[in-house]
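Trainee: Single-letter residue listing:
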Amino acid sequence: STERTSRKAKVDIDNSLHVISTSIRGMQHWSKYKDRFPMLFEVYGIIDSALLRDKTCTGKEFVLRDEQDSIQCIFYEIDRQLPRLIRGQWHRCVGNFDSRRGQLKCVSVRPVTKGDERQMFKSNVAMVENYLQQMTRSLPEP
Amino acid sequence: MSYHIMKDTINYGFKTVISQVPDKPQSMPQVKITDFRLDLQTLFIFYDKKILLVQYYILYKNQYQCYRYSKECLSSCLVTEVIHVVAMSWSGRFSDFTGSYNSLRNYNQNSFIYNGHSGSNHGNFNITKIEDANTGISNITLNIQTKASLEKRNIVGIVLSKEAPKSVFSKKNPGTERYLLNFVVRDSPAYFASLTCWGSELFVKDLASNFSVGDIGTFLPFHFSISENHSNVSLFSGPDGEIENYKSLLQVPTKANNDYYTLDDVIANGQNLHGEHINLLAVVKKIGLAKDITTKNGKQTKRCELKLMDETCPSFALILFSFRLAVSISDSSSIAVVFIADVRVSYDDFRKTMTATADSKTIITVNPVETITDVYNIAEIKHLQQELGSQFKPTQYGISYAFITQFDIDTDDKCRQLVFEDKGYMCTNPDCTQGAIYMFDPVLDASMYTTEYSISLSISDHTGSIMPCHLDPSIAEQILGVKLMPHI
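Just so you know, the sequences run in chain order A and B. If you read the first sequence in our numbering, its first letter stands for residue 1, the second for the next number, and so on. If you read the second sequence in our numbering, its first letter stands for residue 1, the second for the next number, and so on.
Careful, some of the hints might be misleading.
Distance ranges between label pairs, derived from CB positions [unchecked claim]:
hint, chain 1, residue 1, chain 2, residue 2, range
1, A, Glu61, B, Leu384, 41 to 47 Å
2, A, Asn124, B, Asp408, 32 to 38 Å
3, A, Pro38, B, Asp374, 24 to 30 Å
Each computed BS3-like pair below joins lysine-lysine, with the alpha-carbon atoms no more than 30 Å apart [claimed, not checked]:
hint, chain 1, residue 1, chain 2, residue 2
4, B, Lys382, A, Lys32
5, A, Lys34, A, Lys60
6, A, Lys34, B, Lys382
7, B, Lys302, B, Lys205
8, A, Lys55, A, Lys114
9, A, Lys122, A, Lys60
10, B, Lys171, B, Lys299
11, B, Lys382, B, Lys291
12, B, Lys302, A, Lys114
13, A, Lys122, B, Lys382
14, B, Lys299, B, Lys382
I should point out that these hints are in silico values taken from the structure, not numbers from a laboratory. Note that the coordinates shown come from a computational prediction; the quantities given were computed from them, not determined experimentally. Backbone N, C-alpha and C define an ideal beta-carbon position, used for all residues, glycine too.
Construct the complete structure from the given sequences, taking the supplied hints into account.
Mentor: Written out as structure tokens, the structure is:
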């Protein structure tokens with residue numbers, strides 16, 4: 001019967017898009033569940049490199065760093081250009097995590113505009129973390 | 001000619017339409033609605049240069065909800081002749097009582113209506129809703145003045161305002177005083193009534209000390225004027241849920257939420273408004289000390305001055321003559337906002353500016369209610385969708401903090417209402433131009449068509465996504481920043 005309940009739990013997972021607000025480390029962790037449900041990440045961090053074109057010249061690469069970790073990011077300028085972003089400032093990135101290349105493919109990058117925005121984000125991260133832990137409790141670790 | 005309260009005549013959430021239904025239903029006039037205007041409490045429908053009025057409020061989780069309706073939705077309804085019925089309290093003034101008591105009684109009789117809609121049973125006695133007693137109906141000549149309509153009834157309501165006991169010199173027995181106490185009670189968002197209790201000094205003062213604003217009282221039996229001999233007022237002891245229902249009424253303003261003057265408007269109008277009764281929405285800045293004063297006719301009373309402020313004016317004086325108002329305001333932990341209905345404004349010669357004075361007509365609503373407070377995440381909304389899916393026109397309001405994950409302005413939008421097997425896969429969405437409307441009224445006047453944005457989007461959070469979500473046309477205009485030109 002335990003097998004049946006675990007199968008039922010699998011069915012219960014909503015397989016629509018989940019937008020997950022998290023830290024860079026959290027993103028690396030939760031992307032393990034990628035094939036369970038589609039996900040998009042929202043992370044906050046300081047841009048810690050110059051913005052350079054990649055080899056194919058279609059995207060712009062930069063390094064994003066938060067309190068604990070840093071990550072390589074890429075933004076492909078397909079339908080719009082990346083605005084000029086200032087190194088050393090807090091930015092908000094939304095995108096897909098490519099775990100094979102360890103890279104965040106951004107669909108939106110913008111500076112943190114409001115003073116209390118990061119504070120709000122932090123409390124949101126805690127809530128999302130809690131929720132996802134509850135949700136994936138019944139799932140086997142991938 | 002008979003009068004009915006027609007519940008849900010317009011089936012899409014309009015609570016009560018009081019209709020004058022001719023004896024022969026065949027001759028019922030079909031009204032073409034040409035335009036309508038919305039405000040919080042009422043929906044005005046204009047046709048043939050006449051204004052029809054539909055009572056309009058929705059209770060959700062005991063809170064008052066503003067509800068919007070599209071023109072298409074209305075046009076599919078058969079609206080019978082609608083009589084102007086507004087829930088107005090009888091807003092008596094002190095001077096009304098100085099005349100003969102009979103004139104007061106006559107007033108009551110004329111304004112009584114009994115519509116055969118009985119109140120719900122509660123315990124051993126019937127509770128009449130103020131709504132059903134229809135206080136303050138104007139413009140209607142009643143021809144159903146039967147004895148039944150004057151039977152005494154009980155009402156249960158929350159005390160919106162209460163004045164200090166007053167006394168008048170009796171004309172019948174010179175040298176004695178008659179005491180009176182005014183209450184305003186409310187039992188639904190749209191209906192409230194003024195009650196006057198008459199009696200001996202002991203009775204009235206006892207009553208006054210037993211009740212305070214916010215208490216829920218049983219008024220037994222109900223009459224406009226409650227006299228010591230025939231009536232009784234007691235605290236209501238119903239089930240907790242019921243008491244909460246009444247408590248929430250305390251925070252619903254008694255006027256439309258846009259019907260107020262800003263303080264600067266009052267000052268700008270100056271002496272034009274002298275002596276007028278208006279509504280104010282302001283923040284209480286300071287509550288002054290209550291001072292004992294003696295009135296012209298030698299009675300002791302208390303006077304308390306409040307300083308109001310809003311974004312247009314830093315300080316505006318509001319004078320209260322009965323101390324209880326200030327008490328009720330200072331009791332609530334965060335006073336902040338007050339909605340003051342029917343306050344008298346006058347030009348103060350000494351201060352050379354306008355001031356407001358609360359009189360017997362005034363009703364103060366402390367911290368007017370915020371209608372939508374429930375917060376849902378996407379998973380909860382999905383759950384709600386399933387729960388409410390089986391209802392006709394399910395409506396639930398809430399706030400959701402979510403990301404817009406799809407916003408395609410080129411989409412060829414379909415209504416995409418969920419259809420259910422037990423409804424025969426029929427679309428029940430009244431807002432849908434291809435849906436229910438044609439079932440009711442296939443012949444639509446070309447002048448009734450409106451052009452509006454129809455965009456669907458997806459919203460997501462960490463718990464999932466909802467796709468599609470309908471974007472309200474007016475919100476779409478705001479988001480896009482492009483006003484829609486009428487299509488000619």
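Trainee: For this structure, which hints from the list above don't hold up?
Mentor: Numbers 2, 8, 11, 12, 14 - these are the hints that the structure violates, sorted from lowest upward.
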